[in-house]
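A.B. asks: Protein sequence lines, in the order shown, are assigned to chains A and B. Numbered per our numbering, the first sequence spans residues 8 to 385. Numbered per our numbering, the second sequence spans residues 8 to 385.
Calculated directly from the structure, the hints in this document are not laboratory data. Please note that a few of the clues may not be correct.
What the hints assert, rightly or not - Listed below are several chain A residues computed to face chain B (Cβ distance under 8 Å; list not exhaustive):
id, residue
1, 277
2, 298
3, 301
4, 308
5, 325
What the hints assert, rightly or not - Going by beta-carbon spacing under 7 Å, a handful of chain B positions derived as facing chain A:
id, residue
6, 170
7, 309
8, 312
9, 321
10, 323
11, 324
12, 325
13, 326
What the hints assert, rightly or not - Keeping only pairs whose Cα atoms sit at most 25 Å apart, straight-line, the calculated SDA-like set for lysine to any residue is:
id, chain 1, residue 1, chain 2, residue 2
14, A, 320, B, 267
15, B, 266, A, 109
16, A, 320, B, 111
17, A, 309, B, 267
18, A, 323, B, 310
19, A, 323, B, 333
20, A, 93, A, 320
21, A, 261, B, 309
22, A, 309, B, 105
23, A, 320, B, 266
24, A, 93, A, 114
25, B, 285, A, 93
26, A, 309, B, 286
27, B, 67, B, 108
28, A, 323, B, 282
29, A, 351, A, 332
Since the model is a prediction, treat every value here as computed from it, not as a measurement. The beta carbon of each residue, even a glycine, is placed where N, CA and C say it ideally should be.
Protein chains: 2
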Amino acid sequence: MIRVHSATISSLLKQSHHIMLSSIVRRRLSSSCSLLSSTKSSSPSSSVLARKWIYAKTFKGEPSQQNFRLESENLPALKDGDFLAKAEFISVDPYMRPYMMAYPEGSLMIGGQISKVVESKNPAFPVGATVFGQFGWRTHTVCNPSKLERDFPYVLPELPGSLPTSLGLGVLGMPGNTAYFGLLELCSPKKGETVLVSGAAGAVGSLVGQIAKIQGCRVVGLAGSDEKCRWLKEIGFDETINYKTTADLYGDMKKAAPKGFDVYFDNVGGRTSELAIKLMNLYGRIAVCGTISNYNSTSIDKVTDPLRMMVFKQLKMEGFLVWRWNDRWMEGIEANLKWIKDGKLKWQETVTEGFENTPEAFMDMLKGGNVGKAVVKV
Amino acid sequence: MIRVHSATISSLLKQSHHIMLSSIVRRRLSSSCSLLSSTKSSSPSSSVLARKWIYAKTFKGEPSQQNFRLESENLPALKDGDFLAKAEFISVDPYMRPYMMAYPEGSLMIGGQISKVVESKNPAFPVGATVFGQFGWRTHTVCNPSKLERDFPYVLPELPGSLPTSLGLGVLGMPGNTAYFGLLELCSPKKGETVLVSGAAGAVGSLVGQIAKIQGCRVVGLAGSDEKCRWLKEIGFDETINYKTTADLYGDMKKAAPKGFDVYFDNVGGRTSELAIKLMNLYGRIAVCGTISNYNSTSIDKVTDPLRMMVFKQLKMEGFLVWRWNDRWMEGIEANLKWIKDGKLKWQETVTEGFENTPEAFMDMLKGGNVGKAVVKV
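The shape of chain A in the complex, shown without the other chains:
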């Protein structure tokens, strides 16, 4: 596990591409691309061998190597409209844990990747282009976007300077937009309000806190190590709490926010949220982005029924998936990019080297081993 990239920077993604990602839970992500190839029986002369990680065994509890199987397949020669993409960075995200439960064993592991077009019969995806696609955990993909119904790949523009293309999986991609839209659209943070972020050192949480600071809020972050807390302070969080080592999470949150919380951006659910809700102010807004605390659980924990608190504090709580803002995708990316250029938005990535280590990167991320966005460098 090597931490490679670290913050600041430039001008990219100016063009407004058409994006249509999935908007439903049960996704057949990238199947049109991968199946297109894997169902081919004839192996062309210029055959390319793709490696891919298969969902070998349905998750139960914490994932282990047994849940994954490495396979390879020969990809077919390109037809008109196809392009061949070679993966550069593969995304590992918390959502994959619950989402995969909807897939049968033997499915390709789902997820976004940044890839380079190495062969093309599609002028919109020329050789050399850097592409974001929902291609899953695989090294090479043959894709014809016109055969997709959703999850359309899109070309990233040239990135200036030392800016890594992996940002298209993080601050300038899905997690960035999750933070941007989730916080601003669902929580309407106002200057002077206090915002609580759980999973604060993760890909989404670290951006949420900074965007809240840009809005003029006081920000409290919950994270799982002293190192993470230090980094959060560096990037502007007012208060941080190491939820793993505190003896009194409720007391510490209360101390960190003597006037209570107006906004709670939740990535974890469970006991942490149960306590946080008790500290919400009248008309508080809660965006529920994820509940990573129970993704590995076979049964979901019981918590004090929050509804009574919801009534008397007149709280609003909304769960969301970022795909609901597909039609505004570039707005989020451009806003985050501008803040990066203005020095207001810092990012960090935890980069695992080697395609063969993708399951390990995923499992480590679920345990909170990452700071910022977790990606695999293929």
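Go by the hints and put chain B onto chain A.
C.D. replies: Same frame as chain A, now just chain B:
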């Protein structure tokens, strides 16, 4: 317990009165009026004896007669700006159970009442006027509205025909507006959607279901007796479930809504809501109006953490108190009145006779003894 009034009717409440009810949980309701009189030491010649129910002992579990104490006091002679109101109907509502927990023992029991002005030194409240006021559980009140900061009383217009003034406590008052604004503003019910209402035979729930029908929705109601369920069918609910006698509440709800629920208007919380949330559709809206299932509990039940479901179904849940729409109060009353006149909105009241029976009426209502609005005829 006599059921007196029953549905249909006419034209009233045309005037738009200025309404400012409390907007915070910890209310000092009607204190300016009652304290004004009770702290007077001198007893005037034309003294009026007021009877009042005192919160004698902090609620713990189910209320009993021991929680209440009947007292009387001599009211002072009127000063300029005062009027003397004689109670006709007193409201007993679920919210009183949790709200009173914020009051010290010895406080007047809180609540709205419909009263008649019997003496006045205030031209805005002339003798004979019918008034809605947050005067609490008392037979007579001396009030000077200009000394109040909130909870301003307002004059009801003459009621035509046989329409009881008690409707100002129900369909044409707080519960009516709770149903109207809570459903329409927070749940945005659309034609063809399915709406679930818990506490469906109560003052609020019975109106919510009918307003949802007016919007073109399919409506499923949960109530606690076969008699209540029959009445709900009479007033247009598509399906009803007696939650007290069903062996499989979840299965029955699923059967009643094969396409799931788009909207859930919740009055009960707890286990019922835990199951209902499992049956919500993508982008479902939940308005939490009350959680009567735990109002008598010393500790609040544990439920399965709903946050995970909130995320993947992208649910919105909002708790509310009707006072947030104070500035639109007459809009709700006029809309409900129009629907009554059009025969689209039926109402029912459970009327308890006798001021001395107010605690009994309150306790009975908390047990679900009422159909429609519970009031006390003084």
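A.B. asks: Each of the hints needs a verdict: does it hold here or not?
C.D. replies: So, going through the hints one by one against the coordinates:
1. Interface hint status for residue 277(A): upheld, as the beta-carbon distance to the closest one in chain B is roughly 6 Å, under 8 Å.
2. For residue 298(A), the interface hint holds, the least distance from its beta-carbon to any beta-carbon of chain B being 4 Å, beneath 8 Å.
3. At a threshold of 8 Å, the smallest CB-CB gap from residue 301(A) to chain B is about 6 Å, leaving the interface hint in force.
4. A distance limit of 8 Å between C-beta atoms decides the matter here; for residue 308(A) the minimum to chain B is near 5 Å, and the interface restraint holds.
5. Taken as an interface hint, residue 325(A) checks out: its beta carbon lies about 4 Å from the nearest beta carbon of chain B, inside 8 Å.
6. Hint on residue 170(B) is violated. Least Cβ distance to chain A is approximately 31 Å, over the 7 Å limit.
7. About 4 Å separates the beta-carbon of residue 309(B) from the nearest beta-carbon of chain A, less than 7 Å, and the hint is met.
8. This hint holds: residue 312(B) has a C-beta 5 Å from the nearest C-beta of chain A, less than the 7 Å allowed.
9. Restraint check, residue 321(B) versus chain A: the minimum CB separation of about 5 Å is within 7 Å; hint holds.
10. A distance limit of 7 Å between C-beta atoms decides the matter here; for residue 323(B) the minimum to chain A is near 4 Å, and the interface restraint holds.
11. About 5 Å separates the beta-carbon of residue 324(B) from the nearest beta-carbon of chain A, less than 7 Å, and the hint is met.
12. Given the 7 Å rule on beta carbons, the hint for residue 325(B) holds: about 4 Å separates it from the nearest Cβ of chain A.
13. At about 3 Å, the closest approach between the beta carbon of residue 326(B) and any beta carbon in chain A falls short of 7 Å, and the interface hint on this residue holds.
14. A C-alpha spacing of about 28 Å is found between residue 320(A) and residue 267(B), which places the hinted pair above 25 Å, so the restraint is violated.
15. Taken as a hint, the residue 266(B) and residue 109(A) pair is honoured in the structure, with Cα atoms around 20 Å apart against an allowance of 25 Å.
16. A distance of roughly 21 Å separates the Cα atoms of residue 320(A) and residue 111(B); the hinted pair therefore holds under the 25 Å criterion.
17. For the suggested pair residue 309(A) and residue 267(B), the alpha carbons sit about 24 Å apart, so the restraint of at most 25 Å is met.
18. Taking the CA atoms of residue 323(A) and residue 310(B), the gap is about 19 Å. The hint holds against a cut of 25 Å.
19. The hinted pair formed by residue 323(A) and residue 333(B) meets the criterion: a straight-line CA distance of about 19 Å does not exceed 25 Å.
20. For the suggested pair residue 93(A) and residue 320(A), the alpha carbons sit about 52 Å apart, so the restraint of at most 25 Å is broken.
21. Restraint check for residue 261(A) and residue 309(B): the C-alpha separation of about 23 Å stays at or below 25 Å, so the hint holds.
22. At roughly 23 Å between alpha-carbon atoms, residue 309(A) and residue 105(B) fall within 25 Å of each other, so this suggested pair holds.
23. Distance check on the hinted pair: residue 320(A) and residue 266(B) sit about 32 Å apart at the alpha-carbon level, beyond 25 Å; violated.
24. The hinted pair formed by residue 93(A) and residue 114(A) meets the criterion: a straight-line CA distance of about 20 Å does not exceed 25 Å.
25. About 41 Å separates the Cα atoms of residue 285(B) and residue 93(A), which puts this hinted pair outside 25 Å; it is violated.
26. Simply put, residue 309(A) and residue 286(B) have alpha-carbon atoms about 18 Å apart, close enough for the 25 Å limit, and the pair holds.
27. Restraint check for residue 67(B) and residue 108(B): the C-alpha separation of about 9 Å stays at or below 25 Å, so the hint holds.
28. Taking the CA atoms of residue 323(A) and residue 282(B), the gap is about 20 Å. The hint holds against a cut of 25 Å.
29. Our distance criterion of 25 Å between C-alpha atoms is met by residue 351(A) and residue 332(A), whose separation comes to about 23 Å.
The structure does not agree with the numbered hints 6, 14, 20, 23 and 25 stated previously, though it agrees with the rest.
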